[in-house]
Amino acid sequence: MASSMNIESGTMSDDHHDKGSKSGEESNKKKPINWPLLLLNVAFATIGVIGGPLLSRLYYLHGGGRKWLNTFTQSAGFPILFGPLFFLYLRHRSNPQSTHFFMESKLFVASAIVGVFIGLDNFLYTLGLSYLPVSTSSILYATQLAFVAVFARIIVRQKFTPFTINSVVLMTLGSVLLGLRTSGDRPAGVTGKGYLFGFFLTLASAGLIGLVWPCVELCYAKATRVLNFTVVLQFQLNVAAFASIVSLIAMIANKDFQAMQRESREYGLGQTMYVVVLVAGAVVWQFSFIGALGVIFCVGSLFDGILSAVLLPMTEIAAVFAYHEKFTGEKGIALALCLWGFTSYFYGEYQTNKKAKALTKEQADDQYN
Numbered sequence: 422m423a424s425s426m427n428i429e430s431g432t433m434s435d436d437h438h439d440k441g442s443k444s445g446e447e448s449n450k451k452k453p454i455n456w457p458l459l460l461l462n463v464a465f466a467t468i469g470v471i472g473g474p475l476l477s478r479l480y481y482l483h484g485g486g487r488k489w490l491n492t493f494t495q496s497a498g499f500p501i502l503f504g505p506l507f508f509l510y511l512r513h514r515s516n517p518q519s520t521h522f523f524m525e526s527k528l529f530v531a532s533a534i535v536g537v538f539i540g541l542d543n544f545l546y547t548l549g550l551s552y553l554p555v556s557t558s559s560i561l562y563a564t565q566l567a568f569v570a571v572f573a574r575i576i577v578r579q580k581f582t583p584f585t586i587n588s589v590v591l592m593t594l595g596s597v598l599l600g601l602r603t604s605g606d607r608p609a610g611v612t613g614k615g616y617l618f619g620f621f622l623t624l625a626s627a628g629l630i631g632l633v634w635p636c637v638e639l640c641y642a643k644a645t646r647v648l649n650f651t652v653v654l655q656f657q658l659n660v661a662a663f664a665s666i667v668s669l670i671a672m673i674a675n676k677d678f679q680a681m682q683r684e685s686r687e688y689g690l691g692q693t694m695y696v697v698v699l700v701a702g703a704v705v706w707q708f709s710f711i712g713a714l715g716v717i718f719c720v721g722s723l724f725d726g727i728l729s730a731v732l733l734p735m736t737e738i739a740a741v742f743a744y745h746e747k748f749t750g751e752k753g754i755a756l757a758l759c760l761w762g763f764t765s766y767f768y769g770e771y772q773t774n775k776k777a778k779a780l781t782k783e784q785a786d787d788q789y790n
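Count the sequence shown with my numbering and you get residues 422 to 790, in order.
If you're looking for bench data, these hints aren't it; they were derived computationally from the structure. By construction, the Cβ of each residue, glycine as well, lies at the ideal position given by its N, Cα and C atoms. Possibly wrong hints are sitting among the right ones.
Said to hold, decoys possible - Okay, derived cross-link-like pairs now, DSS-like style, lysine-lysine, Cα gap no bigger than 27 Å in a straight line:
no., residue 1, residue 2
1, K580, K775
2, K676, K488
3, K580, K782
4, K580, K643
5, K643, K527
6, K580, K778
7, K747, K488
8, K776, K580
9, K488, K614
10, K747, K614
To be verified - Label pairs and their computed distance ranges (CB to CB):
no., residue 1, residue 2, range
11, F503, V647, 18 to 24 Å
12, A743, E687, 19 to 25 Å
13, F508, A743, 33 to 39 Å
14, A785, V590, 33 to 39 Å
15, G504, P457, 18 to 24 Å
16, A743, I666, 28 to 34 Å
17, P457, K676, 43 to 49 Å
18, V700, T582, 40 to 46 Å
Assemble the whole structure, with the sequences as input and the hints as a guide.
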């Protein structure tokens, strides 16, 4: 099947999406990858994974303290999706061969449920980040790979190899190492108990998102109609909208709107930058989630976890340069363990693909003979 960038017509669909109801084992079968679309989503994820934590931390560093407001920015950027969706809708209307444009009702319900869990996950992550440096938080959040691997095995029957298990163990050891040392890189004003609290909150956030991504992959697999990237954008818009509703309800209950005006006046970078930081954070975080859902659509949830982990060193370096955070020995060892885990995973994938190609060639030779 040719790989193209046609995201409206459903070019990327194959038997994996064409049939109404597939088992988790069937949904895990290899399919042709639309490389241009995958690279586009990888670029989106890169912008979000690196820029999102930096902007969220910037809000805290200069006087911001509204946890639910910062949580809201992680999903509130969804209006930027209306532009591309409107363009795709016009293309759909002009194509007489097009059938359905809007996602089916069961995907709408699924995206709403996912949105609620994403809203809760955003709060756990945001609260944890208020107690941790960006570099530490990023290393911990990268352990989502371990959770994704476990839940992907249960939910979508993801196959495990010794290399996959090795990578999960190494990443888990890295996060445990960070938790054992609660001094040396604590932000000013954060106690040892606060640091540990942030540690476990971030770990819980990684675990929850590790559950959500395989569930999203299962939703894609269970779609009755042909699934294309236009539907993925609609899915993301709905997810972000419901996540934002969760945050808005909490903001109202917490009286955040009344506090925002005072907080903006007292913000260390000024009122204008207060707005800029929040708006920029909303847009950048939206790129992160668009990229994640797109990568899951193109490849799968486990690869999305791998991608987030691979971007870890870039986030580490960005945090050290942007905020002059300390790069302690524990962080270095934890980072090395994570990178070792990534290398193990990719080597395992290489060996698996190599064996699969050899087996296919052998079967073809047997049929020929």
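Quick rundown of the hints versus the structure:
With a CA separation close to 16 Å, the supplied pair K580 and K775 stays within the 27 Å bound. Restraint check: the Cα-Cα separation between K676 and K488 comes to about 12 Å, which is no more than 27 Å; the hinted pair holds. For the proposed pair K580 and K782, the alpha carbon gap of about 22 Å is at most 27 Å, so the pair holds. The hinted pair formed by K580 and K643 meets the criterion: a straight-line CA distance of about 19 Å does not exceed 27 Å.
Taking the CA atoms of K643 and K527, the gap is about 9 Å. The hint holds against a cut of 27 Å. Under the criterion of a C-alpha separation no larger than 27 Å, the hint pairing K580 with K778 is consistent with the structure, at around 17 Å. Our distance criterion of 27 Å between C-alpha atoms is met by K747 and K488, whose separation comes to about 24 Å. Of the pairs offered as hints, the one joining K776 and K580 holds, with about 15 Å between alpha carbons and a cut-off of 27 Å not exceeded.
Between K488 and K614, the direct Cα distance comes to roughly 18 Å. Compliance with the 27 Å bound is thereby established for this hinted pair. With a C-alpha separation of about 19 Å, the suggested pairing of K747 with K614 holds against the 27 Å cut-off. In this structure the supplied range 18 to 24 Å holds for F503 paired with V647, their Cβ-Cβ distance being about 23 Å. Between A743 and E687 the CB atoms are about 22 Å apart, so this pair conforms to the stated range of 19 to 25 Å.
Roughly 34 Å separates the CB atoms of F508 and A743, a value that falls within the hinted 33 to 39 Å. Hint check: A785 to V590, Cβ distance near 37 Å, so the stated range 33 to 39 Å holds. Taken as a hint, the range 18 to 24 Å holds for the pair G504 and P457, whose Cβ atoms sit roughly 20 Å apart. As the Cβ distance of A743 to I666 is approximately 32 Å, the hint placing it in 28 to 34 Å holds.
The hinted range of 43 to 49 Å is satisfied by P457 and K676, whose Cβ atoms lie roughly 47 Å apart. A hinted range of 40 to 46 Å holds for the C-beta pair V700 and T582, which are about 44 Å apart.
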